[in-house]
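**Student:** Listed below are the residues making up each chain.
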Amino acid sequence: MAVATAARTITIAEALNESIRLEMRADPKIVIMGEDIAGGAQVEHLEDDEAWGGVMGVTKGLVHEFGRERVLDTPISEAAFIGAAVGAAATGLRPIAELMFCGFLGSCLDSLLNQGSKLRYMFGGKATVPVTIRTMIGGGFRAAAQHAQTLYPMFANIPGLKVVAPSNAADAKGLLTASIRDDDPVIFCEHITMYTLKGEVPGGEHIVPIGKAAVARPGSDVTLLGVSLTAVHALNAAETLAKEGIDAEVIDLRTVSPLDEETILESVKKTGRLVIVDEANPLCGLASHIAGVVASRGFHWLRAPVGMVTAPHSPVPFSPVLEDAYLPNPQKVVSAVKETCSKAS
Amino acid sequence: MAVATAARTITIAEALNESIRLEMRADPKIVIMGEDIAGGAQVEHLEDDEAWGGVMGVTKGLVHEFGRERVLDTPISEAAFIGAAVGAAATGLRPIAELMFCGFLGSCLDSLLNQGSKLRYMFGGKATVPVTIRTMIGGGFRAAAQHAQTLYPMFANIPGLKVVAPSNAADAKGLLTASIRDDDPVIFCEHITMYTLKGEVPGGEHIVPIGKAAVARPGSDVTLLGVSLTAVHALNAAETLAKEGIDAEVIDLRTVSPLDEETILESVKKTGRLVIVDEANPLCGLASHIAGVVASRGFHWLRAPVGMVTAPHSPVPFSPVLEDAYLPNPQKVVSAVKETCSKAS
Amino acid sequence: MNLSQYQLRSMYRTMVSIRTFEETVKQAFAKGHIPGFVHLYVGEEAIATGVCSALRPSDTITSTHRGHGHCIAKGCDMNSMMAEIYGKATGLCKGKGGSMHIADVGKGMLGANGIVGGGPPLACGAGLTSQVTGSGDVCACFFGDGACEQGTFHESANLAAIWNLPVIFVAENNGYAQSTPASYHCAIENIAERAASYGIPGAVVDGSDVFAVHEAAVEAVKRARAGQGPSLLECKTYRHHGHFEGDQQTYRMISTRAYPRARIPSGISGPWSPSTAGSPRRSWMPSTGRPGRPLKKHWPTPNPVPCPRWKRSPATSTSVTRS
Amino acid sequence: MNLSQYQLRSMYRTMVSIRTFEETVKQAFAKGHIPGFVHLYVGEEAIATGVCSALRPSDTITSTHRGHGHCIAKGCDMNSMMAEIYGKATGLCKGKGGSMHIADVGKGMLGANGIVGGGPPLACGAGLTSQVTGSGDVCACFFGDGACEQGTFHESANLAAIWNLPVIFVAENNGYAQSTPASYHCAIENIAERAASYGIPGAVVDGSDVFAVHEAAVEAVKRARAGQGPSLLECKTYRHHGHFEGDQQTYRMISTRAYPRARIPSGISGPWSPSTAGSPRRSWMPSTGRPGRPLKKHWPTPNPVPCPRWKRSPATSTSVTRS
Ligand SMILES: Cc1ncc(C[n+]2csc(CCOP(=O)(O)OP(=O)(O)O)c2C)c(N)n1
Ligand SMILES: Cc1ncc(C[n+]2csc(CCOP(=O)(O)OP(=O)(O)O)c2C)c(N)n1
Ligand SMILES: [Mg+2]
Ligand SMILES: [Mg+2]
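Residue numbers (the numbering used here), protein chains in the order written: chain A, 6 to 350; chain B, 6 to 350; chain C, 5 to 327; chain D, 5 to 327.
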């Protein structure tokens, strides 16, 4: 399959596929593995391009190009295959493993908590673990409590892991490429509702560095911060707010760990107000973490209490009505910003 | 074994044992299970009181009193037996399971993340899961990266779990009793270095409610907040600070989830300054969470940046020299408080 | 096996109810009325029916993402189930759980489960409750062939064995885990042979034969209730539709070339009807499709028999008693 | 089995090195010089030695909390190891890992591991690397009897089987997981029989007989290198000291009543010395202690043989070839 060299408008799923494809072409040490990522092609008839390519189709066509040796369907053995990806990384490969839903972390935490993230440190720096774990986060699909989680706070609390979550197609390609090339384990979070989101994506090699947030919209009155889908909510809210005379600066975090504290603090220094939007559960979550960092390192610039729009501290409900009430959305962000801006310093 | 009715000075390990013993006497639905918690007594010779009683001796003698039916050694199958504890709780027992080290969460997260914590909610409130998971946290034992973790932030990020961590013998007994009687899953965190710490413990029934922080030392200049061992550090630091003319109020959190925000905010309202001491890794950890809550709900009372003394965001080192440098201690707290108090509002 | 007319009718009703329920869900999903993920039990009715008809109301079951059939067979109210699947406040779980989390603990139905391999540890817990309280209840733990590669199954089987828990592990081997054929994901042909790793009885039955399933389940339940511990029952079956609704099954166009066509569970489309059920064994035989590979049924006999060396084909069944 | 004088000497040196190293650690620990947890390999020397002497330098191993012996057998520098155990900057891991995390990736030693069951998935990964790069290296995965109840072992064995990975699973059955006897925590007598669940060869050997271990390992390595996939090798052994240093072993006063006394690995305390090693097989026989239960060694023969029905006692060994 030819990959464009010029920018074009494609979906996030296509952008991810393109990143993997280009990297696999360039580096024979890259293998990909996961449940159904080839998808039915492993037994016979490899020539048949009807293989599933993963539940979201992200890896479609890769087994056709790279063969069964490098595109490995796995049994439902998350502990074994995520651990195998870690072990393969420690011995010279550069695996990309798919953990279908991030809630399945329950079945493989050890490989990440006690092995992948810690080997390099425990071995005195003498090992590297260049593994990328792609996983799905987020609600809105009516997938209920186990399949709609947003667990990057748990990942981020583990030192030694990098945690990435793009909000658009270009970043999806660029950040995934950076993740694959990174010598540390990276958890790459893809939002379940965003695979079909389209955006302009550079052709050929495209890298977005890990650990650097983007100022997605400059503004002066308030800093609005989101990541993955909530960055999109923040941008939408900023449009609405602009009409009402509030000029919001929007930061798209892009990376949860390591956290780009400088970009956040710089913005807060300018605006004096901060509203954080996050889909994860709030207790020991991402929103409060950032609020805490600013309360510690940017306290004197803050002119109003930090606003936070998060999910409540409860499992995700199934019912569409309840789930819509549960999730952050642009309207909630707009209200929170108005409240923050109404508060005197 | 007779249990005293009057208060006496005993260790945390003894206080925990007493809580379990009294509750098991009162409620035949309580069973306890874990690796080596009976300890070698399961095959023959039950009458022999030489059974180990767990690696820290907390459950010593219980198999002797309550028999093998209610004191169950398990294989090294954390996923199965923690899950079995959850299943037993959902069907009418009130199990207490021991997860020897909290790092072994890696081997059994699913039972807590996707089952225990969520059943009640997902089933529309029609199930209760009265299970208590006792587990060991903390460094200082030179146990290295996998066995010295402090993972309550990960537990706390899971809605549906309660997370408790006592700092003294009386609370150990009272909070464990409350945990056992609670109808929701409770993660009970015991600090590895504190089992032999002695304190006065009430005889007979003693309950300390979950979700209520303690003002362990009243003060007016700065609020010092810790949990488990860091509450002890905070108290020690307060003594030193008192000699230097700084009157610190110390809050012992006791419960991480649900968080007693009111007690924290009330104290900050009084002192205007806050220093949080926490042994967990900082990113999406407990310290920043509390700082964030205060930056949101108590902003106008804050007169200085929130101070945080935490572990760095790295795995725990093995070398005693490095581990000492890694962990929070009273000296670090004293410095942080002085810095906070030196900052004008 | 002696089944009363009442039992026969009730089993028939359960099988037809499941089929009808699922076809209704299928249509409603196609019309966009049902949110989220839905996995249908069509084609596997004989398993839930055969097992649950061997249980008493106070016995419990754990289930899977493909749980509607288990719910119905364990007596959950179908109206409340449907309301749950639609996400309504009147649903069995107030709309908070949905298809993958339907539960009715009061009926002993401990929940569908979105986590593959989530059930076995819970089943051990239910078995422990029975053992500690002396209730005599057993727990039937349903799980798919895909779930047999989850560590939780192995840990739970061993735990149930050493604790002698009244648990019946029921492997529903429908040949697929999503798009992945069992012949790929599982290193051996018969899941039931894994019983030997835990010193418990294992058996393979034709999962489209409700009588075969029932008979094997009765035996396993009897053992469990008598304090003889857990068993592993593998039911060979076939997934009629996609993995979930909406699944295009392109992968299946590939692999069904080598796979037997669907076998319709006996009793639903077969010639038998409850009013004529004199000799159920004969009339409930698989009524359509190629018979696929021959399945033998063996349940532990009191005397040791040599365990045949495993060969990938043809399939054999195991019979190992814990001594 | 043909072993050169050089090989014999080297195996002898390894066994004695491990024993000496561990006794040194024991004394240093008793004096309070060593921080943290320390688990000694005393009594199990023949396993690491027998297996690692069947490997080449570029082959890899995964290890356990009881890892010193594996490290030494795989060629780690003992001075750097000791420095690591003391927590010094000059240690193999700069003092950051300690006893439970000694590693030397360059030597193919992928780390001691504080997590019981942590090794098998990593071993699959090392096997995958070999398969993808075509290096022909194999990975030997050491783990205890206690680790056999961890789901990771089962998942990894299945994964290695279906991917045909060059992994040798080496179960070190020393009869105990901390205070818990294997007879309690494991539902069956011989861990090696679990190989049948994954269609791979399994064998039981006397873990105190370095030649027996070596011979079995050579066979397994040969298979793995030839692309014939994984094997499971169970070595029956005995933990001479406490679970960790400082363990009072009160529980053992109870249970050793029913347990054979320690068998000293051949070659260390036996009459044999490297200079007289003409007929090693005879001279390295277990030299002390009661022989315990008889252990038979079976490694897969090319022709299928009936797999005897398992009985708790007396012990038999399995021999199952993946067909
Ligand atoms: C821990 C976990 N891993 C993966 C999945 C995704 N998933 C859902 S169903 C399924 C296939 C299950 O196959 P099987 O156990 O055979 O059940 P079947 O769908 O055939 O009834 C997979 C991989 C999951 N829900 N949970
Ligand atoms: C996941 C996990 N659970 C529990 C422990 C605690 N633990 C350390 S060693 C051990 C016993 C291991 O027994 P076995 O596998 O037989 O190895 P042995 O100590 O006998 O060599 C246990 C329970 C652990 N380290 N990791
Ligand atoms: Mg299936
Ligand atoms: Mg052992």
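Errors might be hidden in some of the hints.
[To be verified] Under 7 Å between C-beta atoms, here's a sample of chain B residues computed to sit facing chain D:
id: 1; residue: Thr-16
id: 2; residue: Gly-45
id: 3; residue: Ala-56
id: 4; residue: Gly-72
id: 5; residue: Glu-74
[As the list claims (entries may be wrong)] 27 Å max Cα-Cα, derived DSSO-like pairs, lysine-lysine:
id: 6; chain 1: D; residue 1: Lys-226; chain 2: B; residue 2: Lys-337
id: 7; chain 1: D; residue 1: Lys-226; chain 2: D; residue 2: Lys-111
id: 8; chain 1: B; residue 1: Lys-131; chain 2: C; residue 2: Lys-35
id: 9; chain 1: A; residue 1: Lys-348; chain 2: B; residue 2: Lys-275
id: 10; chain 1: D; residue 1: Lys-226; chain 2: A; residue 2: Lys-34
id: 11; chain 1: B; residue 1: Lys-348; chain 2: A; residue 2: Lys-343
id: 12; chain 1: A; residue 1: Lys-203; chain 2: A; residue 2: Lys-274
id: 13; chain 1: B; residue 1: Lys-348; chain 2: A; residue 2: Lys-274
id: 14; chain 1: A; residue 1: Lys-203; chain 2: A; residue 2: Lys-217
id: 15; chain 1: A; residue 1: Lys-274; chain 2: B; residue 2: Lys-274
id: 16; chain 1: A; residue 1: Lys-275; chain 2: A; residue 2: Lys-203
id: 17; chain 1: B; residue 1: Lys-131; chain 2: C; residue 2: Lys-92
id: 18; chain 1: A; residue 1: Lys-348; chain 2: A; residue 2: Lys-337
id: 19; chain 1: C; residue 1: Lys-111; chain 2: B; residue 2: Lys-34
id: 20; chain 1: A; residue 1: Lys-131; chain 2: D; residue 2: Lys-35
id: 21; chain 1: A; residue 1: Lys-203; chain 2: A; residue 2: Lys-131
id: 22; chain 1: C; residue 1: Lys-35; chain 2: C; residue 2: Lys-111
id: 23; chain 1: D; residue 1: Lys-35; chain 2: D; residue 2: Lys-92
id: 24; chain 1: A; residue 1: Lys-274; chain 2: B; residue 2: Lys-248
id: 25; chain 1: B; residue 1: Lys-275; chain 2: B; residue 2: Lys-203
id: 26; chain 1: B; residue 1: Lys-348; chain 2: B; residue 2: Lys-274
id: 27; chain 1: A; residue 1: Lys-131; chain 2: A; residue 2: Lys-34
id: 28; chain 1: A; residue 1: Lys-348; chain 2: B; residue 2: Lys-274
id: 29; chain 1: A; residue 1: Lys-337; chain 2: C; residue 2: Lys-92
id: 30; chain 1: A; residue 1: Lys-337; chain 2: A; residue 2: Lys-274
[What the hints assert, rightly or not] Just a sample of chain B residues kept apart from chain D, beta carbon distances all over 10 Å, derived:
id: 31; residue: Thr-10
id: 32; residue: Asp-41
id: 33; residue: Asp-78
id: 34; residue: Ser-82
id: 35; residue: Glu-83
id: 36; residue: Ser-112
id: 37; residue: Arg-147
id: 38; residue: Pro-223
id: 39; residue: Ser-324
Just so you know, the hints here were simulated from the structure itself, not pulled from any lab data. Small disclaimer: the values here were computed from a predicted structure and weren't measured. Glycine included, C-beta positions come from ideal geometry on N, C-alpha and C.
**Student:** Does each hint hold? Answer for all of them.
**Tutor:** Tested hints:
1. The closest approach between the C-beta of Thr-16(B) and any C-beta of chain D is roughly 18 Å, which is over the 7 Å cut-off, so the hint fails.
2. The beta carbon of Gly-45(B) is positioned within 7 Å of a beta carbon in chain D (closest approach about 2 Å), and the interface hint is therefore held.
3. For Ala-56(B), the interface hint holds, since its Cβ comes within 7 Å of a Cβ in chain D; the closest pair sits about 6 Å apart.
4. A distance limit of 7 Å between C-beta atoms decides the matter here; for Gly-72(B) the minimum to chain D is near 16 Å, and the interface restraint is violated.
5. The interface hint given for Glu-74(B) is violated, since its Cβ lies 15 Å from the closest Cβ of chain D, which is over the 7 Å cut-off.
6. Pair hint Lys-226(D) plus Lys-337(B) does not hold up; C-alpha atoms about 57 Å apart against a cutoff of 27 Å.
7. Proposed proximity of Lys-226(D) and Lys-111(D) is supported: the alpha carbons are some 20 Å apart, at most 27 Å.
8. With a CA separation close to 31 Å, the supplied pair Lys-131(B) and Lys-35(C) exceeds the 27 Å bound.
9. Distance restraint check for Lys-348(A) and Lys-275(B): the Cα-Cα separation of roughly 21 Å lies within the 27 Å cut-off, and the hinted pair is therefore satisfied.
10. The hinted pair formed by Lys-226(D) and Lys-34(A) meets the criterion: a straight-line CA distance of about 25 Å does not exceed 27 Å.
11. The straight-line distance between the Cα atoms of Lys-348(B) and Lys-343(A) is roughly 30 Å, outside the 27 Å bound, and the hint therefore fails.
12. For the suggested pair Lys-203(A) and Lys-274(A), the alpha carbons sit about 33 Å apart, so the restraint of at most 27 Å is broken.
13. Distance restraint check for Lys-348(B) and Lys-274(A): the Cα-Cα separation of roughly 18 Å lies within the 27 Å cut-off, and the hinted pair is therefore satisfied.
14. In summary, the hint linking Lys-203(A) to Lys-217(A) is supported, as the alpha carbons are separated by about 22 Å, within the 27 Å threshold.
15. Among the hinted pairs, Lys-274(A) with Lys-274(B) is consistent with the structure: their alpha-carbon atoms are about 25 Å apart, no more than 27 Å.
16. A threshold of 27 Å between alpha carbons decides the hint, and for Lys-275(A) with Lys-203(A) the separation of about 32 Å lies outside it, so the pair is violated.
17. Restraint check: the Cα-Cα separation between Lys-131(B) and Lys-92(C) comes to about 16 Å, which is no more than 27 Å; the hinted pair holds.
18. Restraint check for Lys-348(A) and Lys-337(A): satisfied, since their Cα atoms lie roughly 17 Å apart, inside the 27 Å limit.
19. Between Lys-111(C) and Lys-34(B), the direct Cα distance comes to roughly 21 Å. Compliance with the 27 Å bound is thereby established for this hinted pair.
20. Taking the CA atoms of Lys-131(A) and Lys-35(D), the gap is near 31 Å; set against the 27 Å cutoff, the hint is violated.
21. Under the criterion of a C-alpha separation no larger than 27 Å, the hint pairing Lys-203(A) with Lys-131(A) is inconsistent with the structure, at around 41 Å.
22. At most 27 Å may separate the alpha-carbon atoms for a hinted pair to count; Lys-35(C) and Lys-111(C) exceed this at roughly 31 Å.
23. A threshold of 27 Å between alpha carbons decides the hint, and for Lys-35(D) with Lys-92(D) the separation of about 17 Å falls inside it, so the pair holds.
24. Of the supplied pair hints, the one linking Lys-274(A) and Lys-248(B) is violated, its CA atoms being roughly 37 Å apart against a limit of 27 Å.
25. Distance check on the hinted pair: Lys-275(B) and Lys-203(B) sit about 32 Å apart at the alpha-carbon level, beyond 27 Å; violated.
26. Between Lys-348(B) and Lys-274(B) the CA atoms are separated by roughly 17 Å; this keeps the pair inside 27 Å, and the hint holds.
27. The suggested pairing of Lys-131(A) with Lys-34(A) holds, with an alpha-carbon distance near 20 Å, which does not exceed 27 Å.
28. A threshold of 27 Å between alpha carbons decides the hint, and for Lys-348(A) with Lys-274(B) the separation of about 18 Å falls inside it, so the pair holds.
29. Between Lys-337(A) and Lys-92(C) the CA atoms are separated by roughly 24 Å; this keeps the pair inside 27 Å, and the hint holds.
30. Of the pairs offered as hints, the one joining Lys-337(A) and Lys-274(A) holds, with about 24 Å between alpha carbons and a cut-off of 27 Å not exceeded.
31. No beta-carbon of chain D comes within 10 Å of the beta-carbon of Thr-10(B); the shortest separation is about 30 Å.
32. Remark: the non-interface label on Asp-41(B) conflicts with the geometry, its nearest Cβ contact in chain D lying 5 Å away (cut-off 10 Å).
33. Remark: the non-interface label on Asp-78(B) conflicts with the geometry, its nearest Cβ contact in chain D lying 6 Å away (cut-off 10 Å).
34. For Ser-82(B), the requirement that its beta carbon stay farther than 10 Å from each beta carbon of chain D is not met, with the minimum near 5 Å.
35. A cut-off of 10 Å between C-beta atoms contradicts the statement that Glu-83(B) is not in contact with chain D; the least separation is 8 Å.
36. Its beta-carbon lying about 7 Å from the closest one in chain D, Ser-112(B) breaks the requirement of being farther than 10 Å from that chain.
37. At roughly 3 Å, the least C-beta separation between Arg-147(B) and chain D is not larger than 10 Å, which violates its mark as non-interface.
38. With a least beta-carbon separation of about 38 Å from chain D, Pro-223(B) lies farther than 10 Å from that chain, consistent with its non-interface assignment.
39. For Ser-324(B), the condition that its CB be more than 10 Å from all CB atoms of chain D is violated, with the nearest at approximately 4 Å.
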